[in-house]
Amino acid sequence: MTSDDQPLLEVEDLTTTFSTDDGTLTAVDGIDFDVETGETVCIVGESGSGKTVATESITKIIKTPPGHIEGTVRYKGRDLLSLPESELRQIRGNEIAHIFQNPQEAMNHCYTVGWQITEALQIHRDVSDEEARAKAVDLMDRVGIANASSRFDDYPHEFSGGQKQRVMIAMALVGDPDLLIADEPTTALDVTVQAQILRLLDDLQDEFDMGVLFVTHDLGVVAEIADRIVVMYAGKVMERGDVLDIFDRPAHPYTQQLLECLPEFGGTGGGIPGTLPDPHDPPDGCRFAPRCEYAEEACRTGEQPEEVEVAPDQQVSCVHYGPGGNPSIVRSEGHGPGDGATGGDSEVGPADD
Amino acid sequence: MTEPLLSVRDLKKHYPIRKGLFNRQVGAARAVDGISFDIEQGETLGLVGESGCGKSTAANSVIHLEEPTAGEVIFNGNGREGATRNTDGTHPNDVTKFDDGELMEFRRGAQMIFQDPSSSFDPRMPIGNAVGELLKVHGMSDRHRRRAIVEDLLERVGLSANDFDRYPHEFSGGQKQRIALARALVLNPDLIIADEPVSALDVSIQAEILSLIDDLQEEFGLSLLFISHDMSVIRQICDRVAVMYLGEIVEIGPVEEIFTNPQHPYTEALLSSIPTPDPRAELGGIELRGTVPSPTNPPSGCRFHTRCHKVIQPEGVDIDQGDWRGLLNFREKVITGEIDIEQVRENVAGGGTEPTDSEVRAEVRREFDISETVDDPDLEETLSEAMNLLLEDNAEMAGEFLSEEITTPCAETEPGTTVHAPDHESACLRHESRAAAEPNPADD
Amino acid sequence: MATKKSEEFDQVDWNEISRSGRFDLSINSIGMLVTTLPLVLLAVYDWQFLGERTPTFQFVGVDRGLESVDFFFIFTLLLAFWFLVLPLYQNPRMTRYYWKEFKQNRPAVVSLVWLGVVFVGGIVGPIVMDPPQQELLIAYQPPVFTSVVDTTPATCVGEVMNGRCYGTWEHPLGTTNAGKDVFTMIVYGMTISMQIAFITTTIVATIGISFGTLSAYAGGWVDEIMMRFVDIILSFPTFLMFLLILYIYGGGLGMFIVVFSLFAWGGTARYVRSKSLSISEEEFIKSSRISGASTYHVIRGHVVPNVASSIITQLTLLIPGFLLFEAQLAFLGIGDSTVPSWGQLISAGRSDLSFAPWIVLAPGIVLFLTILAFNFLGDALLDALNPEAEAENT
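Residue numbers (the UniProt record's numbering), protein chains in the order written: chain L, 1 to 353; chain R, 1 to 444; chain C, 1 to 394.
One chain only, chain L, in its complex shape (with noise of 0.2 Å):
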């Protein structure tokens, strides 16, 4: 375990670039974020914002080259950039587990589903084939296979895909991991299976003591299960901080909009217009300001704007908050601490005062 005063995992500056014949291509470009004992976070993001390649640097699982990865991941105050691939081998799966969004692509259907468990069990662990197969059975069991023992033998397309997704948790869960990646479990499936699924990752968070890193595009699924919230758009983090202060007062105009999508928040439909940016050769400045309604000339010209910390861990990126600005602009000012967030009334939108 950690040390109280050190975070699970801290992402500094982390810029990951792929070398592309149309140049280089930036999907992830500085980012910072941390991850605590037994917390979940999530990074929100539409697709084509970098989230997923973000979550895939950390254990250096994308293919390099044409990737490269620079800045500092300090998982339990160790940088992970800098670990040799064996050590790097040892924390991944083991340390830090990995789920993917299709538990269909992320088998081998050639071998039965035990088998895939007890071989990720037994690449870490010095165990034999039979505590494997108990442990296997066990790690079964606790996700939620009825009757653990005999679908043991089965071939994963005689799992649904709910069954197929518990089952890439198992597997993720042999090494006792301290952290858990999960990157859009639920998007392909279901709704009621999206809802077991949420509530037995809810479940083995508190029984392992796990911290949960979640990727999603679904702020219905942020909601529910985050502590707190990393929102990126084109390879930067817009803002972030604890998930009631986000949903309460986002700050960003980017998140704004991004909520404004949802009919509980008197979205009016419409989205947000316009696309993300060509990763190739993102704009100036702001990386959502072509697409903003409050940008003005500041946002467009320069870097990305500092982060300023509008509330008490509530980080944001954006000119209208830095030195100089006017964060009325942005911010509706209506809202108290204590809004409910589905209210009709607490419609997140351009001030009028």
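Please keep in mind that the hints were generated in silico from the structure rather than gathered at the bench.
Mixed in with the good hints, there may be bad ones.
[What the hints assert, rightly or not] Pulled a few chain L residues facing chain R out of the computed Cβ check, cut under 7 Å:
id, residue
1, S149
2, D190
3, L219
4, V221
5, A223
6, G271
7, I272
[Claimed, not checked] Partner residues aside, some chain R positions facing chain L, computed with beta carbon under 7 Å:
id, residue
8, D88
9, P92
10, D94
11, S204
12, H229
13, S273
14, P279
15, Q343
[Claimed, not checked] Taking lysine-lysine pairs in the PhoX-like style, the calculated list, with each CA pair at most 25 Å apart, reads:
id, chain 1, residue 1, chain 2, residue 2
16, L, K60, L, K76
17, L, K60, C, K100
18, R, K310, R, K333
19, R, K136, R, K12
20, L, K135, R, K97
21, L, K63, C, K100
Here a beta-carbon is modelled for each residue, glycine too, at the ideal position from N, C-alpha and C.
Got chain L sorted already, so can you dock chains R and C onto it with the hints?
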């Protein structure tokens, strides 16, 4: 006009299951098993349910992509309004009985949008040709005229006329769905069936596409059959909703009614599984366990009874609903032989000493969420008797015993439909018994 | 006539658009028909009105004959032009995209250049160059820049210094034991190789695609029977069959091509069938069907183009097999010795390997490079012709 644009009556689609050397039919997967609904001019009907409930099959059967096994699909668009039934009971507008020429005409009246933007366009065909293909198929041989129409339409769905010559891989998912809309619109249909058109898209793009659909619907007076598993999407776009479970419609009604006053337990469960964007709300509500049973051998009686949290207790029994659900699950597992008492023993032992029988019993109760003692002495006795049999390794006897002793009306009687309010119907035994008791059901 | 101004989809009067006169051919099909017609006429003329030994173009004073293989070769060239090259020109966006993908593979670009040289050489060479003549006096001339002991050639065409005969530009790759110019023979061999490549590919693709799609779309017992037939084709001892035919009827290049390609389409048909089945599950096929398109239209318009582009790779990789097989047969001496193929050249030089290695090495290297080039090309095409796979990766 009182006549609905589309009216589906008792539609069935069964897939034969064949086995053996001579391909003998040994059974059928009843993907769609007798559904009925109407769609009015300009109305949007949502069809919602988990994957495997048959909603996509229903759509394919309505649009005649697949030949339905039985039932009628009466389409009153294309200037065929006001037809009356023939003397032999058939309807002149029944799509299932259309000849080739009429079917061709029906294609101009009803079109479809698919779920997966990446596979809904031929990767080797410029999207302009893909949209114009429909015009060509329907006899418009003037290439310039086709191009003009498609370019105009591309602009109307928010793209540019220059996109005509571009290929699908040059577009994002949201743009492809816009093109799919253009393709569905190009023949100027009265009805569009949208099969999960936004579930592969990001939330922000979903909102864009939904509002585009909404605008186009208003502009052209389209009717929409909107299929989705996502209740929150349904709420944004639909006027009425039909909730499907295992090939049947369990509840149908106006969208606000369904959301505020759901009658069928399955609808309730679906609604409570939508993640609410309120960080203060607890994860919770009704947990729907397991998955949709196989349509080859659907549960008897009400098809939802195997997963229902409100499953009815028989006359004279009144125990905790959770215990009752647990008992039924236990019974089910014992009958199907899925419970492995040895495994339970191992689990309890955890490599240590041999567990006592009472520890095993407690473990079984824990697994099925049954409390230490069930409120009803008879049932309690049945349960311990069954567990005795199981502990003696006599699973078969235990199964027979349980199937006799524990029964629920839900497994025996097929529910009829109950009308709760104008236009709001559901099929649940709980309402039927109440309706029988009080002939004038109040819906609050 | 409907309104001619700004066309809008909701103003089309569908009842007015007549369903007659829908039979319109694409420019490609028209071009194909127009160009095939003279070819067929010429072939009929050659076959019916000219004697066995009379050259085809005697009536214009050109002393050159066309044989059935040549006619068929020209036909496949026309096919390739109208249905492969012209579509690439008609769809510049797609072509640019393919090219962008393709050119990333450097070896494949080099291979393409090499195959281009072989192709052009094979077509133009025999027209501008006279066939190699037997001249025993100048047998065993060494290639340019090399030398042999001056006793090897009968007379040395080039300089003789210090008892060694040096090669000249007159015979850049030397001459054979019969004094034939090796370079000329290699160029004539290019024609043979290109004929083998184009004709076999056309036969295999035609049978494979029709058989495969038909099987996939018929389904049921038709499918079952067709696929069992493919099994038979695949397990047929083609080589023995060829030997048998050779002994009974005697074999030429045409016979070789026909026999081997008639028994080589099994794998292609199987691949096409599975590919068509998976394509017909795609949503764009459903969408085309609910547009009212006929099954023929769906297959012709969507299934075949998508299948074709993915079997191009497979076909490209089939060609080296044929070329090698022809060379092997020639080397063993059971080929047609009148055909100036590379294999025949290698075969002719095999006994002189110790003192005149160029006779074997020159065609051997050319053959090797050509086969390698086809393999590289097939590999690169697999990546380039798959836009959807690429789209998923980005």
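Quick rundown of the hints versus the structure:
Because the closest C-beta pair between S149 of chain L and chain R is about 4 Å apart, less than 7 Å, the hint holds. Residue-level restraint check for D190 of chain L holds (minimum Cβ-Cβ distance to chain R is 5 Å; threshold 7 Å). The closest approach between the C-beta of L219 of chain L and any C-beta of chain R is roughly 5 Å, which is under the 7 Å cut-off, so the hint is satisfied. Restraint check, V221 of chain L versus chain R: the minimum CB separation of about 5 Å is within 7 Å; hint holds.
Among the interface hints, the one on A223 of chain L holds; its C-beta lies about 4 Å from the nearest C-beta in chain R, closer than the 7 Å criterion. Checking G271 of chain L against chain R: minimum C-beta separation of about 3 Å stays under 7 Å; hint holds. Because the closest C-beta pair between I272 of chain L and chain R is about 5 Å apart, less than 7 Å, the hint holds. The restraint placing D88 of chain R at the interface with chain L is violated, with a minimum CB-CB distance near 43 Å, outside the 7 Å limit.
The beta carbon of P92 of chain R comes no nearer than 39 Å to any beta carbon in chain L, farther than 7 Å, and the hint placing it at the interface is violated. A cut of 7 Å between beta carbons decides the hint on D94 of chain R: the least distance to chain L is about 33 Å, and the hint is violated. Interface hint status for S204 of chain R: upheld, as the beta-carbon distance to the closest one in chain L is roughly 5 Å, under 7 Å. Annotation: H229 of chain R was flagged as interfacial toward chain L, and the flag holds, the nearest CB pair being 5 Å apart, inside 7 Å.
With 7 Å as the threshold, the beta carbon of S273 of chain R comes within range of chain L, its nearest partner Cβ sitting at about 4 Å, so the hint holds. Contact between P279 of chain R and chain L, as hinted, is supported at the beta carbon level, the nearest pair being about 4 Å apart and thus within 7 Å. Taking 7 Å as the C-beta contact cut-off toward chain L, the hint placing Q343 of chain R at the interface holds, the least distance being around 4 Å. Distance hint between K60 of chain L and K76 of chain L is fulfilled; the C-alpha atoms sit about 16 Å from each other, no more than 25 Å.
Under the criterion of a C-alpha separation no larger than 25 Å, the hint pairing K60 of chain L with K100 of chain C is inconsistent with the structure, at around 30 Å. Restraint check: the Cα-Cα separation between K310 of chain R and K333 of chain R comes to about 19 Å, which is no more than 25 Å; the hinted pair holds. Distance check on the hinted pair: K136 of chain R and K12 of chain R sit about 33 Å apart at the alpha-carbon level, beyond 25 Å; violated. Restraint check for K135 of chain L and K97 of chain R: not satisfied, since their Cα atoms lie roughly 59 Å apart, outside the 25 Å limit.
For a cut-off of 25 Å, the pair hint linking K63 of chain L to K100 of chain C stands: about 23 Å separates their Cα positions.
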